[in-house]
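Peer 1: Listed below, chain by chain, are the residues.
There are 2 protein chains.
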Amino acid sequence: MSSARLANRAIVYTENGDPSKVLTTLTYPRLAPPPPGALNVKFRLSPINPADLNVIEGVYPSKPTPTTALNGESLLVGGNEGLAEVVEVGEGVSGLRKGDWVTMAKPQAGTWASALTVEVRDVIKLPSGGISEVNAATITVNPPTAYCMLRDFVDLQEGDWVVQNGANSAVGQAVIQIAAKRGLKTINFVRDRPNRDALKNQLHALGATHVFTYEELADKATSAAIKEYTGSKPIRLMLNCVGGKPTAQMTRLLGSDAHLVSYGAMSKQPLSLPTSTFIWKNLAAHGFWMTRWYQGHSAAEREELMRTLVGLQLKEPEHEILTLRREKSDAEVTETVRDAIARIGQGMLGKKLLLQIEEPDA
Amino acid sequence: MSSARLANRAIVYTENGDPSKVLTTLTYPRLAPPPPGALNVKFRLSPINPADLNVIEGVYPSKPTPTTALNGESLLVGGNEGLAEVVEVGEGVSGLRKGDWVTMAKPQAGTWASALTVEVRDVIKLPSGGISEVNAATITVNPPTAYCMLRDFVDLQEGDWVVQNGANSAVGQAVIQIAAKRGLKTINFVRDRPNRDALKNQLHALGATHVFTYEELADKATSAAIKEYTGSKPIRLMLNCVGGKPTAQMTRLLGSDAHLVSYGAMSKQPLSLPTSTFIWKNLAAHGFWMTRWYQGHSAAEREELMRTLVGLQLKEPEHEILTLRREKSDAEVTETVRDAIARIGQGMLGKKLLLQIEEPDA
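Residue numbers (UniProt numbering), protein chains in the order written: chain D, 1 to 362; chain H, 1 to 362.
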């Protein structure tokens, strides 16, 4: 190993804990040629998603598998999502060739690395062209969550209404755009904030039909206005990533036989609803987890979903690219990453952070 | 009207309120012959269900329609469920004849009466023979709720497990019996009480596989024991009529992809669950309301359900028959009914109360 050229870099850890303490940077050798059925890929952009931090903390149910492939030591590599480019294909690999763009189908694949060897069955090929690097790097978690939640629970027709909270989350913004493209109308709730009107304008520009704050929800005039907007069409789909009291209040906006789909719990409060809503209004409450969807669907179905999402031409999420430069030492890169994660943890970023990991100077 | 023989009696009210205050007794004339498509029926036994009291209080979503058919005044007649016998059929009525037993398909039909004229489409014919009066009078609400909840949400196979709370409720006891007859195993939870062991024995005699109290649920040994019982078979159906904290604790016993079906909220607490249970365990929460089931199903489907339930030969619920005697005055009958309802309200009865309303002495 020691004689091989130290051509790659990854953000790794050996035990769960506070990401801004346990993450370190590893410089590791050039990859060996891939074995049969595998690929060597080079990551172009890899987001730091909030759930990635929960994985490192050890509080997320989907766990990465330790690998010894980088330097012979047992390590965990951070990162679940990312855009990779195929650089070398193993024997017997068909349908993928050098230069193709792929994303990871296997959860917790370890995308915070400059290069990895991956099994063909663990990647999803992206259709070539028509999508930016940023969109490709963020296409496997948030946009398909939005797309599947809008498709899989209620058979919505053009003109039907959807209500959601956390509307300015990455999923929420995808919901607004996908709904608008399908001719669905959205009622969106966000937290109050100093730049409330700017945010409302931003969501309207994405295609939001109406945007309210949770404070406005408590006002009877808001529910009366919503009743007026929706007229005779009862709202049958509600998407939730918040929980707690405002979520319970929102269910009052729903008609009979509605479905409430939860994909997050930003308030850290439980989902607490009057039992009568289930019995008398026939509400059904579900969860949605993209990881489970991937586990339950074939490679063909995953690629079909990616093609559909690329075709939707969603707007790039607000983002910042953090380039981990080749000339920096491992210690300097570690400090850069830990600082960035601390900023995310303090909620000071407000946009998606994407790692661009350069091959280090040997 | 005044010259007609005063042959009937009903428990009626004119405005919502405390049942032990607003209910009165009305003696009313012999029924006119039924119009085409209708029947005259005589009620043999009519239960007082807890929901009937909520209807009278005005806090239940299913409302009775005021009738002027009894004495010309606009009145509400109490009672939703009951066993009636056909005494006269109107023109064009086929499939029903004098002496047939029927129950009410229409909610809030006003069963606390000695006799009523009802539309054919508002009744369900019971198969003749093979069922006691008490079982027939209580067959349209609780047993089909149990039966449908065990059938409609999870495709359970022999040997599969079901967990429920409020296991000694009328529905809970029907769940135990129907599950046992289907070869399903039940884990049943009840409130602690002085005669706990007697209750456990009673539920075991009905076919319960295991019975625990909510206090036992808090003990880790109980969940370990349940894990041992169910072995490799994850529990995929939970039935809930309680809500609140013990219900949330019970969901920890469930496996992935489980369904939680609520049909009551005896604790008056909301259903409060961690959002992660929905997302990561893919729990789906539903309500079940027998009234909605009847509204959504045809007469043929309703009769098929009744035939199935009669065929199951469920044990009679613990009950007390309250005979409203012919020789008593309306005022005396009112007092008897109000007293009985007060006993139900104070939870002092512990068994199903059935009204047997005799035709009054004129």
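Any given hint could turn out to be false.
Claimed, not checked - Below, simulated DSS-like cross-link-like pairs (lysine-lysine); rule was C-alpha separation at most 25 Å, straight line:
no.	chain 1	residue 1	chain 2	residue 2
1	D	Lys245	D	Lys281
2	H	Lys42	H	Lys63
3	D	Lys63	H	Lys42
4	H	Lys245	D	Lys245
Just so you know, the hints here were simulated from the structure itself, not pulled from any lab data.
Peer 1: Does each hint hold? Answer for all of them.
Peer 2: Status of each hint after checking the structure:
Under the criterion of a C-alpha separation no larger than 25 Å, the hint pairing lysine 245/D with lysine 281/D is consistent with the structure, at around 19 Å. Of the supplied pair hints, the one linking lysine 42/H and lysine 63/H holds, its CA atoms being roughly 22 Å apart against a limit of 25 Å. At roughly 66 Å between alpha-carbon atoms, lysine 63/D and lysine 42/H are farther apart than 25 Å, so this suggested pair is violated. A C-alpha spacing of about 17 Å is found between lysine 245/H and lysine 245/D, which places the hinted pair at or below 25 Å, so the restraint holds.
Checked against the numbered hints above, the structure breaks only hint 3 and satisfies the rest.
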